[in-house]
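> So you can see what is in the structure, the chains are spelled out below.
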Amino acid sequence: MKNIYLIIVLAPLLGAIIAGLFNVSRRVAHTVTIGAVGISFLLSLVVFKHIILEGNPAFNEILYTWLTIGNGSFSLPFEVGFLVDSLTAIMMLVVTFVSLMVHIYTVGYMHDDPGYQRFFSYISLFTFSMLMLVMSNNFLQLFFGWEAVGLVSYLLIGFWYTRETAIYANLKAFLVNRVGDFGFLLGIAMVLMYFGSLNYTEVFGYVQQNEELVQNATINLIPGYQWSIMTVTCILLFIGAMGKSAQVPLHVWLPDSMEGPTPISALIHAATMVTAGIFMVARMSPLFELSETALSFVLVIGAITALFMGFLGLVQNDIKRVVAYSTLSQLGYMTVALGASAYAAGIFHLFTHAFFKALLFLAAGAVIIAMHHEQDIRKMGGLKKYMPITYWVSLIGTLALIGAPPFAGFFSKDAIIHAVAHSDRIGANFAYFAVLFGVFITALYSFRLFFLVFHGKERMDEHTRHHITGTPKVVWIPLVALAIPSVLAGMFAIGPMLYGNLFDGAIFVEHSHQAFHADDYHGWFFFMLHGFMQLPLWFAAAGVGVAYYLYMKEPDLPELIKGRFDTTYSILIDKYGFDRFNDWFFAGGSRNIGTKLWQSGDVKWIDGVFVNGSANLVGWFSSTVRYVQTGFLYHYAFAMILGLAVLLALFVF
Amino acid sequence: MIKILFYFFALILIFAATRVVTVRNPVHAALFLILAFFSSAAVWLLLHAEFLAIALILVYVGAVMVLFLFVIMMLDVNLVRLREGFTRYLPVGILVSALILLQMVLVLRYWNTTEVIATTMVEIPNTTLLGMALYTTYLYPFEIAAAILLVAMIAAITLTMRARRSNKYQKPEQQVNVRRADRVRLVKMLPESRD
Amino acid sequence: MNLGFESTDIITLLPEIFLLTMACFILVVDVYLPEKLRHLTYQLAQGTLVGTLLLVISIYPSSLTLAMDNMFINDAMGALLKLVILAIVFVVFLYSRSYLQVRNILKGEYFVLGLFATLGMLIMVSAHNLLIIYLGLELMSLSLYAMVAMHRDSAQAAEAAMKYFILGALASGMLLYGMSILYGVTGNLDLAAIATNISDADSNKHTALVFGLVFIVIGLAFKLGAVPFHMWIPDVYQGAPTAITLFISSAPKIAAFAILMRLLVDGLSSLYVDWQGMLILLSILSMATGNIIAIAQTNIKRMFAYSTISHVGFLMLGVLSANQAGYAASLFYIITYSLMGLGGFGMILLLSRVGFEAENLDDFKGLNERSPWYAFIMLILMLSMAGVPPLLGFWAKWSVLNQVIQAGFIWLAVLAVLFAVIGAFYYLRIIKLMYFDKSEDRTPIEANMDMKITLSINGLIILFLGLMPDMLMAKCLKVLQVLI
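Chains as they are written, first to last, in my numbering: chain A, 1 to 653; chain B, 654 to 848; chain C, 849 to 1332.
By construction, these hints were calculated from the structure, which means they are not laboratory data. Don't take each hint at face value.
With beta-carbon atoms standing in for the labels, derived distance ranges [as the list claims (entries may be wrong)]: (1) A:Ala189 / C:Ala1040: 45 to 53 Å; (2) A:Trp598 / C:Val950: 51 to 59 Å; (3) B:Ile707 / C:Ser1117: 37 to 45 Å; (4) C:Phe1204 / B:Ile707: 55 to 63 Å; (5) C:Glu1294 / B:Ile725: 49 to 57 Å; (6) C:Ile1253 / A:Ile219: 21 to 29 Å.
The structure presented is a predicted model; accordingly, all values stated were derived computationally and were not measured. Backbone N, C-alpha and C define an ideal beta-carbon position, used for all residues, glycine too.
Use the sequences and the hints to build the structure in full.
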């Protein structure tokens, strides 16, 4: 199996290198990368069968030790190793499948782009990095993967680097992620400090054996206050997750990241990279379980993100941004699940969401191609008759998103709401309200988008209407391929994932925190029937109804409402002022400080005195001292004798 | 008896050594140096160091001094100029000699006369002992020393012997192989017009 | 009758005996070879090195063996150093061939003298006796003096040889004087006997011993090129033909390191407090002088000379921490250094051609345009010399600094890092010249295929060993465990 794992990881890297570094043709570029990711996907299926279907034990091995620092009592190896258990196997499958679909889709979407090979190289590199991240068996490699996906994300948001907005967006994503990564790195440092190891097995093993001890360990960060080490560590780690998985207040980069090409939005900013934070917290479940405080923190942040980001989806008019805000909101749901100790439910939602959100993004991309890169939904409408396949797959995706049975999203979302309802953690009541009301909002903005794009009056101009293009094969095949799991993934996965023992050994939940009990479960069909008697479904139905009324029956009403609730509307359009605040306080403030420091510190002291001063000094010294080397033999001999005299004087007498 | 012989040779040695630095003619000085070597060889013989004595005569008298004489004769040194510095350098010379004398006095003060080896090992000849030591215990350094001498020889030859580029010599094998076509070219040309 | 050696000693000495025999054989053969077959000399010399290398491997010691009345020691460190020396000389011959050919100094004598020098190095490496150390050193030095002077049409070379010879003789004299004092105090030439004698010597002998030690350290410092006994290095490096400079700068340093280990560690380890102090002084001076003066150089050979001096300073850091791990770090450093030096001078040889010595820094301008690949190799070499991770040079610096810190000289480590930073400047300047300046010279690079391949491997090894430094480091540690 070891070789299979290696091939899974290295094939996309090889593809990326070939497509990116060698001056290959377009054809070669996409053949090589699709082939490589295809291999990874097929082998991931093998791994899936090996680990999950056949229930083989997890693979955990160190493949390469770069170096070891320290010796004796403390040593820290820098290793590359794989830990492949059920959690990893699922992530591998999701990553390689969505990546493969996006690769194929890109052939059509990026058809005329001059940076074709570069794009394929980047997405293959991303696949490699993401696999390194999920397959890691230590914090260091996790961090490597974490930064590597961040790098590729940065490169891809700014893929069209001549656009000023794209450059702004990728810089923003980069900076905001730095904040998260800083926390993450501190968290890793805390782990290293307390456990003295960066290997998962060693850290988690220690935790499980010395639970009491670890739980009660404290640290003195501010003199006079004792903080629980686990709480500090977990919150720091979660700050990393907040950056990558775009949780409030570090979410601001994700909507802007829509400046990148749509396949990227599907792959990186919906299905895989943004879920890395969720994956990471689930992976760290043995640590998080020990801190009630940290879990409450996670729960509240997730709930805020889930509800308030959903509101923003209501007022957006850019097709991709609406989907982006829905992604934010759904990531909030996953985070809520983590906070409620329902890691499995979080991963389950991650799993289903990857399919239907990638589907929605790719469908949005198909619409954008058809509309010749017009993204404003106010200028669309009635597209159903022009692009039937896209229409139907979008309907599937939307239904899955709002949680309509029996689509995939229903099961995962219901499970999360169920888990929150059963949690008695601080903040759980608020979270329950948030996720429940969020269901209504989700349904409302999702169908608003759906109706505005595919139904109603055709609002585009004459010229565009005549040139609406059909959907090429490379575009609709991935759509259909993603639609299938969007329908089916929920019903088949719910049993083993939530009520089975699939995640035993991978995810750890305190017994008292368990929300899902195997004896409550009687198959997915009964779960669905049960859902009909629950609030969420009716909230969703209400959302759809309101959307139908507002955008199909009475299309003038929204304008009226907008006028009536002017203040609320401007707050929403302003995105709660996060961006303005950040621009004013952080960007402006640090620029101000920077300018001051630059003028006084850099120019005068560092450049003037230290850099140029010391360089000049050394240079002057050097050119002076070189004249000691006169070239005369007797001077040399004299220097030797002088050296002799000095040594004798110092050491003998 | 040995004492008388020792003083005899020692006096000759001191006399010869003094003459080396005082005679005006460098050839004479060289000859006095040879005499000094001979005398010290004789002193060594008295100490039963026959190998060293013979080596001194063979190497220094036989090779070095002959070379010395060659050099002196070939250089045709200007005697007067050679003498010029004598008085000027005399104080330094005296100082150096005095220092050496002082050092020897210091050494001799601690000299332990009971440990003179030569008197205890008369039975085995000195040469045999040296040979034994060189070819058994010290075989390895001896061989390395031989290699060093070889390198010195190679180096000396490499650095001095050269085929000068200006040298001109015939290459018979090429001369023999020459054909007419290589040397003579027949050119047909119209007679020049006279005007 | 006591022959002074056992018959098994012959086997232990087989590599040296083979090398000597072959050197003499080549000397004779070369005289009779017609001009057309001169390349045979080269092949024979290379064959000799390979043969010697195989012999060293075949008698690779599992434990410490003494031979020739304890004058010869065969241990793991010695064997490793011999292997490295032989491999380096092999590469040196390979790099030098076409350079010497076009300058009409590719003669049999070059190879013969080279082989004799190599023999001297092997003898030094496995010397276990003051006499042998001295003789080996002289054998090596004498050959080197002659090699420097070989290019007789060059006044520079003659001057360099003269300086090298006279200063070398002075240093040898000091070393010999130190040894004689050591002999006088202990009554022994054998290193092990000296070691035991010193460890139970009474304290009033101490002054005399340290007095001798100063002279010994000076002799060693000269051979390594530590300040202030370094003055010969820049002049000789610059004056000698580049191929010879390549020779002088690589293998002999390893041999010098070997006798440093033999004398100070094997023989005089009880005096470590004293030689530690001396090495600290020499090391600081070397790092400072080497790195600072190198900045002002415009001739790349001269720059490498000062770079060597600074590397010697770093090398001493490991030894002066006076424990096994420290020696291993130094061993690692010297091997790394010789690999880098080999590549650096190899590049100069590569760029040189008939009537043109690529000696000035400006000759590296725009190398990237002329040949991206060799610019890349040079980039690796320069970054490694500057100590940029993850290249081998970084690990070498890192391990000696680590040992210095472990030994408690944190201030020294800080100082060393400071000088390393200053030193990075002139390495980076070459990179800047290669990549950011316009080339004035547009001639394509021409060289033999074997040289191109070897040079590329030379560079890549530094990269690959840098990626897995543990391999070499473990080897260095292991060979030293046998030593002590």
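> Of the hints given before, which are not true for this structure?
Of the numbered hints, all hold.
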